[in-house]
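Q: Protein chains in written order, with our numbering: chain A, 3 to 303; chain B, 3 to 303.
Derived by calculation from the structure, the hints in this document are not laboratory data. These numbers come from a predicted model, not from an experiment. Among the hints, a few may not be true.
What the hints assert, rightly or not - Restraint-style ranges between C-beta atoms, simulated for each label pair:
| # | chain 1 | residue 1 | chain 2 | residue 2 | range |
| --- | --- | --- | --- | --- | --- |
| 1 | B | P157 | A | R143 | 24 to 32 Å |
| 2 | A | T110 | B | F116 | 21 to 29 Å |
| 3 | B | W109 | A | K141 | 38 to 46 Å |
| 4 | A | K125 | B | E241 | 46 to 54 Å |
| 5 | B | P157 | A | G244 | 23 to 31 Å |
| 6 | A | F116 | B | P201 | 55 to 63 Å |
| 7 | A | W109 | B | E129 | 53 to 61 Å |
| 8 | B | K82 | A | E120 | 52 to 60 Å |
| 9 | B | E129 | A | K125 | 32 to 40 Å |
A virtual CB, placed ideally from N, CA and C, is assigned to each residue, including glycine.
As a plain string of letters, each chain reads:
There are 2 protein chains.
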Amino acid sequence: MKLTILGCYAATPRTFTNPTSQVLEINNHVFLIDCGEGTQVELRRNKVKFSNIRHIFISHLHGDHSYGLVGLISTFRLLKREAELHVYGPKGIKEIITLQLKLSNSWTNYPLYFHELEGKESKLLYEDDKVTVETIPLKHRIYTNGFLFKEKAGPRKLLINKAVEYKIDVSLYKSLKMGKDVVSNDGKTIPNNLVTADPDPPKSYAYCSDTVYYPEIVPQIKKATVLYHESTFLDENQELAGPTKHSTAKQAATIAKQAGVKTLILGHYSTRYGNINLFKEEALTVFDSVELAEDGKIFNF
Amino acid sequence: MKLTILGCYAATPRTFTNPTSQVLEINNHVFLIDCGEGTQVELRRNKVKFSNIRHIFISHLHGDHSYGLVGLISTFRLLKREAELHVYGPKGIKEIITLQLKLSNSWTNYPLYFHELEGKESKLLYEDDKVTVETIPLKHRIYTNGFLFKEKAGPRKLLINKAVEYKIDVSLYKSLKMGKDVVSNDGKTIPNNLVTADPDPPKSYAYCSDTVYYPEIVPQIKKATVLYHESTFLDENQELAGPTKHSTAKQAATIAKQAGVKTLILGHYSTRYGNINLFKEEALTVFDSVELAEDGKIFNF
Numbered sequence: 003m004k005l006t007i008l009g010c011y012a013a014t015p016r017t018f019t020n021p022t023s024q025v026l027e028i029n030n031h032v033f034l035i036d037c038g039e040g041t042q043v044e045l046r047r048n049k050v051k052f053s054n055i056r057h058i059f060i061s062h063l064h065g066d067h068s069y070g071l072v073g074l075i076s077t078f079r080l081l082k083r084e085a086e087l088h089v090y091g092p093k094g095i096k097e098i099i100t101l102q103l104k105l106s107n108s109w110t111n112y113p114l115y116f117h118e119l120e121g122k123e124s125k126l127l128y129e130d131d132k133v134t135v136e137t138i139p140l141k142h143r144i145y146t147n148g149f150l151f152k153e154k155a156g157p158r159k160l161l162i163n164k165a166v167e168y169k170i171d172v173s174l175y176k177s178l179k180m181g182k183d184v185v186s187n188d189g190k191t192i193p194n195n196l197v198t199a200d201p202d203p204p205k206s207y208a209y210c211s212d213t214v215y216y217p218e219i220v221p222q223i224k225k226a227t228v229l230y231h232e233s234t235f236l237d238e239n240q241e242l243a244g245p246t247k248h249s250t251a252k253q254a255a256t257i258a259k260q261a262g263v264k265t266l267i268l269g270h271y272s273t274r275y276g277n278i279n280l281f282k283e284e285a286l287t288v289f290d291s292v293e294l295a296e297d298g299k300i301f302n303f
Numbered sequence: 003m004k005l006t007i008l009g010c011y012a013a014t015p016r017t018f019t020n021p022t023s024q025v026l027e028i029n030n031h032v033f034l035i036d037c038g039e040g041t042q043v044e045l046r047r048n049k050v051k052f053s054n055i056r057h058i059f060i061s062h063l064h065g066d067h068s069y070g071l072v073g074l075i076s077t078f079r080l081l082k083r084e085a086e087l088h089v090y091g092p093k094g095i096k097e098i099i100t101l102q103l104k105l106s107n108s109w110t111n112y113p114l115y116f117h118e119l120e121g122k123e124s125k126l127l128y129e130d131d132k133v134t135v136e137t138i139p140l141k142h143r144i145y146t147n148g149f150l151f152k153e154k155a156g157p158r159k160l161l162i163n164k165a166v167e168y169k170i171d172v173s174l175y176k177s178l179k180m181g182k183d184v185v186s187n188d189g190k191t192i193p194n195n196l197v198t199a200d201p202d203p204p205k206s207y208a209y210c211s212d213t214v215y216y217p218e219i220v221p222q223i224k225k226a227t228v229l230y231h232e233s234t235f236l237d238e239n240q241e242l243a244g245p246t247k248h249s250t251a252k253q254a255a256t257i258a259k260q261a262g263v264k265t266l267i268l269g270h271y272s273t274r275y276g277n278i279n280l281f282k283e284e285a286l287t288v289f290d291s292v293e294l295a296e297d298g299k300i301f302n303f
């Protein structure tokens, strides 16, 4: 998995900070997550090929997470895109986009599908043989979902030396990878676990922004490889977090600890703080594997 | 008058080119003209004080002229603006903005007025004692207006030495500036033109983008101080201008010549050309006072 942070600041785009957007590359998918104003320029700057983006996930309809969507959809049209595009987001997103396309007489020349969300339960949005994407219901000022991207477990790993030693025909290797016992060339039944090993544990990425401190999400994101959790405020401004339905760095770290994730990435910083390292220092008092999102930063995991 | 070009390229925002937006400062007004995606960042970069903008003029609803508007309106809200904001633009602009504010539960806390346009005749949009703004109906793929900003003629210039020589009481100077004849201290009627001179000729700025070559605008923009006219294409691609309802540099210069304006500013360049000086060279073959818009460039006139 490769995560490219296009923008990770709260509220409004500024000269040197971008609102929220990120690109998750996972098993040949290029998923765009949120799309604040200016996202299309950041995609160019980070050399993400536009035509590879087939799925866009919008957490909620605040401007810093969604105002760049109509421009990106329009630019795809100007670039004569042909590939399908799927947009997942809160109910209303289709009306917002189609109204603007209608009034500018700029219907897309490629298939554009909206998948509107409105329930309070987690919902499976996408599934193929290698990946699933589901919503993580969050608690913010307006209807908001995070997203959980999960690899499926791969095939078992064939121990080739053992397979030869047990005289197993090559035609049976596929069955072995699928976990089946097989019969060797000299007629013996070989238990699968003698000639295969467990696959790499599947990785997962949980994106949680924007949300107040909300431990109800913990069971769903348990043991995630990486959790991106918003930390708009520092603990010193904790009194602002509740009313605005945002989290502090300490609260984000508490969620990471409760869920036992491998790594926490912080983001969605208020621009009131001069130094984002303060977010990391605060989170490290609670949880020991903390990274800072920064515009243009790439995480491989 | 001071004109700041925030963006002057056609179609889509790119890493080093911005879509259309400009700021006209005239007689203590700060008028924003068009508002492509990213305009709020360019306003910051060019140090335009947000609260000074009271009037925004949107030529048409193509994205490269309007997709930055909702973000700017939202940012004004986050900055706790109190001053009125007036938005002038094609019918539909109110629905686009209010739908997005409604779905993000982000109503503005300042008075926001929409002035929707739909007629094909020129219309007076704004007038005070020093300035008028009127639409210039243009011809593009969708309903589009340019805008003509005109200073009103100022008071006559008092020739102070002459006023003393003719023994005119100071209390009458205001009447002199208003063009009236007055009676001197020794009882003589003094004709106004003996003690005053003509005021500076009022300046005007005609903004014409986007439009096909459309000589019907010439009478309205006659003798304008500055004409900004789109030149999406060079003459070598003239065959593209008609169908897309855009102009070439040569056509823009022809309009400038027919209207007898003082200076032509070219802009709205297609990014297919590597060197924008080609636009100027082409226009100079027709008209002799040509300037090139460039992102971040300031014109004083």
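Q: Okay, P157 of chain B versus G244 of chain A on CB: inside 23 to 31 Å?
A: violated, 59 Å
Q: Between E129 of chain B and K125 of chain A, does the beta-carbon spacing fit 32 to 40 Å?
A: The hint (32 to 40 Å, Cβ to Cβ) is violated, given that E129 of chain B and K125 of chain A are roughly 55 Å apart.
Q: Hint says 38 to 46 Å; check whether the CB-CB distance for W109 of chain B and K141 of chain A agrees.
A: 22 Å Cβ-Cβ, so the 38 to 46 Å window is violated.
Q: If you check the beta carbons of T110 of chain A and F116 of chain B, does the distance land in 21 to 29 Å?
A: holds, 27 Å
Q: Measuring from beta carbon to beta carbon, are P157 of chain B and R143 of chain A in 24 to 32 Å?
A: violated, 54 Å
Q: Does the hinted range 52 to 60 Å hold for K82 of chain B and E120 of chain A at CB?
A: Between K82 of chain B and E120 of chain A, where Cβ atoms are some 32 Å apart, the hint is violated.
Q: If I claimed the Cβ atoms of W109 of chain A and E129 of chain B lie 53 to 61 Å apart, would that claim hold in this structure?
A: Cβ of W109 of chain A to Cβ of E129 of chain B: about 38 Å, so the range 53 to 61 Å is violated.
Q: Is it true that the C-beta distance of F116 of chain A to P201 of chain B lies inside 55 to 63 Å, as the hint says?
A: holds, 59 Å
Q: Taking 46 to 54 Å as the stated bounds, is the beta-carbon spacing between K125 of chain A and E241 of chain B within them?
A: holds, 50 Å
Figure legend: structure checked against the earlier numbered hints; hints not met, in rising order: 1, 3, 5, 7, 8, 9.
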